[in-house]
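Colleague: So the chains spell out like this:
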Amino acid sequence: MSDQTGRRTAPVSTDEDVERELRAHVALHAERLVSKGIEPVEAHRRAQQAFGNYPAISRQCRNIAASPTPREALANMLESFVTDTRFAWRTLRKSPAFLVTSVLTLALGIGANTAIFGVINGILLQPLPYDEPDRIVALWERTAEGRDNSIAAANFWDWQASTTLFESMALVPDHRFSGRTTVLGGQVPARVFAGAVTIDFFRTIGVEPFIGRTFDAEEAMEGVAPTLVVAYSVWRDLLGEVTDLEGVTLSMLGTEAAVIGVMPAGFNYPGQTQIWFPFELYPRNEHRTAHGKSAIGRLRAGTTLAAAAAEIDTVGVALYERFGEDTDAVGVNVYPLRQELVGDARRPLLILLAAAGLVLLVACTNLASGLLARGTSRSSEIALRSALGAGRARLVRQMFTESLLLTTLGAAAGLLTAQLVTAALLQAAPGEVWRYATAELDIAVLAFTALIALSTALLFGLLPALRLTRKSDSEAMRAGTRSVTDGQGSRVWSALVVAEVALVVVLLVGCGLLIRSFQAVLDVDSGFQPAGVLTIDLELPAENYSQHEEVARFLDTAMADLRTLPGVTDVGMVNHLPLGGFGLNGAFEIEGREPGAGYGDYRVASAEYFSAMGIPLLSGRFFVEEDAEGAEPVVIVNQTLARELFGQEPAVGKRIGSLANDNWVYGDDWMRIVGVVGDVRHRSLTRSSAREVYVHYRQRPMRARTSAITIRTDGDPASLIKVARDRMAALDPDIPAELTPMRDLVAASVHDRRFTVMVLGVFSLVGLLLASVGIYGVVSYAVARRQRDIGIRLALGAAPLRVSQEVIRDALTPVLIGLGVGVLGALALSRTLSSLLFEVTPTDPATFVAVAALLLATAVMACWLPARRSSKIDPIVTMRAE
Amino acid sequence: MDLLKGTLDVLILKTVADRPAHGYAIARAILEQSGETLIVEEGALYPALRRLDKRGLLTAKWGRTDTGREAKFYRLTAAGKRQLGKAMGDWDRYVEAMGMVLKGPQS
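One line per chain: the protein sequences are A and B, in this order. The numbering of the first sequence is this note's numbering, which starts it at 1 and goes up by one. The numbering of the second sequence is this note's numbering, which starts it at 883 and goes up by one.
Honestly, the hints are just simulated from the structure, not real lab data. Each hint should be verified, as a subset may be incorrect.
Said to hold, decoys possible - Here are the simulated DSBU-like pairs of lysine-lysine, each with C-alpha atoms no more than 35 Å apart in a straight line:
1. B:K943 / B:K968
2. A:K36 / B:K968
3. B:K963 / B:K985
4. B:K936 / B:K985
5. B:K896 / A:K36
6. B:K896 / B:K963
As the list claims (entries may be wrong) - Some chain B residues judged to face chain A by a derived CB distance under 8 Å, without partners named:
7. R901
8. P902
9. A903
10. T919
11. Y928
12. P929
13. R933
14. K936
15. D948
16. T949
17. R951
18. E952
19. A953
20. R957
21. W973
22. D974
Every residue gets a Cβ at the ideal spot worked out from N, C-alpha and C, and that includes glycine.
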């Protein structure tokens, strides 16, 4: 132990180190006793006696010395994690089919969820890209029925003047009614969404211009040169991205105005606004029923929405008390801006997220049954390893690592899938609200993916692992590969199939109801015949067409010219096409009745509009050449108006007139009803028709500057687009015209609905596919496990057909139970879809029956292959294999 | 007098703060400096030394005593120094608090 200089070498082991240290203690104690005069042998004895329980202390010290330091413990953990992962990867690689199926399954499940969550994150969760967006609110007039109504400016001025809790407030156009305006003076003539906003608008919404400035108080003064602020897209497309706005002008609504600012990309509030101009330049309209505006407000810092809402509502109520019948606003409704923006888009999004969640659950169920099947077939390996001394914790950890590795791979593949899905979603996405969704991954989305991957691994990896290691070693060793169907095992399988089927049924029912609704919408009688109709949407620039006569002359020329195109049978015009989301309405009088007897929509149309659109004449006549300017003013009304206002009496021959709050039908002329036409679904396919009055554009061309020419052809309207566009350009190149087949406009009007149906449909298909893969897997596995059993029965003379029938019957039992559970679940959940359904009840029997049939057919097909295999089992082979 | 639970560690750290010491010397030092009040049992001392070593608060080295006997000498590490400072601060507050409670409200 000693070296030559008498120095001890360092102890070689921990045990020795401990021993020596404790012995040294005794020796030192003895030395001290000796120094006090006790003789050495006695001193040593006493020192030894004084020392406590030597073996116990020694053991305790050795244990502590042998235990890892915190750092070592961490390193050990990492090391065994790496080893486990490597081992898991090697094992997984040995069964590539399982690996690929599992990763793909998870990629679908996780990908769908990540994509939908990403979209929801952008639209519903991320803060709006405005300064302190939580302080911005949307304001609406409240009708006597409690509904929101667009605002009359006169009311707004009073709100603004009488409230104190708002830092600022601004009037903006109600974008639901915004049309586009022709803009000249840019690089090309264009039609853009232009809106009048009060000068406080930009301050209220809290967005700084990208170039230049926004409106200041001067812009509101009379006699000031008109100015505009433009959106990024206008700056890019019409202004050639000039950096110096000095001297840059655009011409719109007959006025040339200086461009003073450019807003940052993506800013188009409200709706799709591309050009903002000061509202204050308009003459004030004091009518408190002149609706059509919307408003936003910015709360003072520290003010709650509730307090501000209460204050402004008090003002609104007071206005109603003061003005009574002159206003139809009984109060003011206030909403957070987000709610205003997201509105109806929220529910479909949440439904899609729920659907994606169901798909993930189905995927997880597949994974669980896959892991279980794998584990069971590896039960002898597991038994062997545990016999060789691997503890249960070790085995569970190993198997958990395997499922963690699988889900990690699945999550990685899922992120890739999500990118594709998101790109596809944004491509097909409806509505402006989707502007707030991006395909970019952010921390929230990544965290979400990690969370679902981890919980998948935990729930669906840990459970099989725990289950499989539960068997006592000897039992598994003995049973080995010869395992006979054990009752508990097949119960777990059945439970998985039940769960899977139930989930898919819920998914399919939801999807089925939406498909049926969508079909019902498409089956709606719109009142016109879109097939074969080409529309040319145009606005004649006010600069060049300031006189009504000029407008009428241009339209006459254009229609006459288009009528000469090959295949064209009818050419008409109307100021607002059906389903365009835009219309005018107002009160009118009926000759011989009290004032204000009627209220309805009105449109300006030409004689051939009705035949071009295929709107049927029910009585009387269409407009004719003789209904010219100066002749007796005539109107055509729709069936609803005729029925509601004239009942059994014939409407034709009656006279109406004098619209109260719109000057577009001029004077006090009575206008004679010359015809009654069929109802047209003007607002949307799902909303029934309102009363409608058509006036003749020759007699009243004043609202015809914005209008659409409708061309009926006996060929494909799309093939006319190019030649018709050339004709229009030849007539006046400064009129930006948009040519669209009417059928496309109809399709666009149901885009939101189609989108939801499409995404849900894809999810349902994926769910169904996964479920059938799952059922197939479970049944194949059951057949494989019962191979010997079946072999014996076949050897004993059982008919192969009977055997496979039995296999199918066994497999279908959990499917049927799942179907029952799923139907109950769907009945409970389908109510949440109510607002998205059209002419279909949430418990629509046809949907439920179809889903059940589809599911059963799929399940039978999924069972069929393995069942057929069972009947082909060669008894001799299976017996020998034992 | 028995040691209060958890106080041995800080006593050890304090004892080896100035110069390295072996286990026996540490026990003696605590006994003497406490006026023969605090008796450190070997069964507590050596596991404690091992633990402190494990936690990196002490580091140990074999060497020889003045009388030429071999012994394992413990010295304070930087982490040990920090821990000691913290523990002494905690102790002061603890004593103060205990004192305040035990003496009761001052009239």
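Colleague: Now, for every hint given, state plainly whether the structure supports it.
Modeller: The hints, checked one at a time:
no. : hint            : result
1   : B:K943 / B:K968 : 25 Å, holds
2   : A:K36 / B:K968  : 39 Å, violated
3   : B:K963 / B:K985 : 33 Å, holds
4   : B:K936 / B:K985 : 39 Å, violated
5   : B:K896 / A:K36  : 28 Å, holds
6   : B:K896 / B:K963 : 9 Å, holds
7   : R901            : 16 Å, violated
8   : P902            : 14 Å, violated
9   : A903            : 11 Å, violated
10  : T919            : 18 Å, violated
11  : Y928            : 5 Å, holds
12  : P929            : 5 Å, holds
13  : R933            : 6 Å, holds
14  : K936            : 5 Å, holds
15  : D948            : 11 Å, violated
16  : T949            : 6 Å, holds
17  : R951            : 6 Å, holds
18  : E952            : 5 Å, holds
19  : A953            : 5 Å, holds
20  : R957            : 15 Å, violated
21  : W973            : 24 Å, violated
22  : D974            : 28 Å, violated
Hints 2, 4, 7, 8, 9, 10, 15, 20, 21 and 22 from the list above are not met by this structure, while the remaining hints are.
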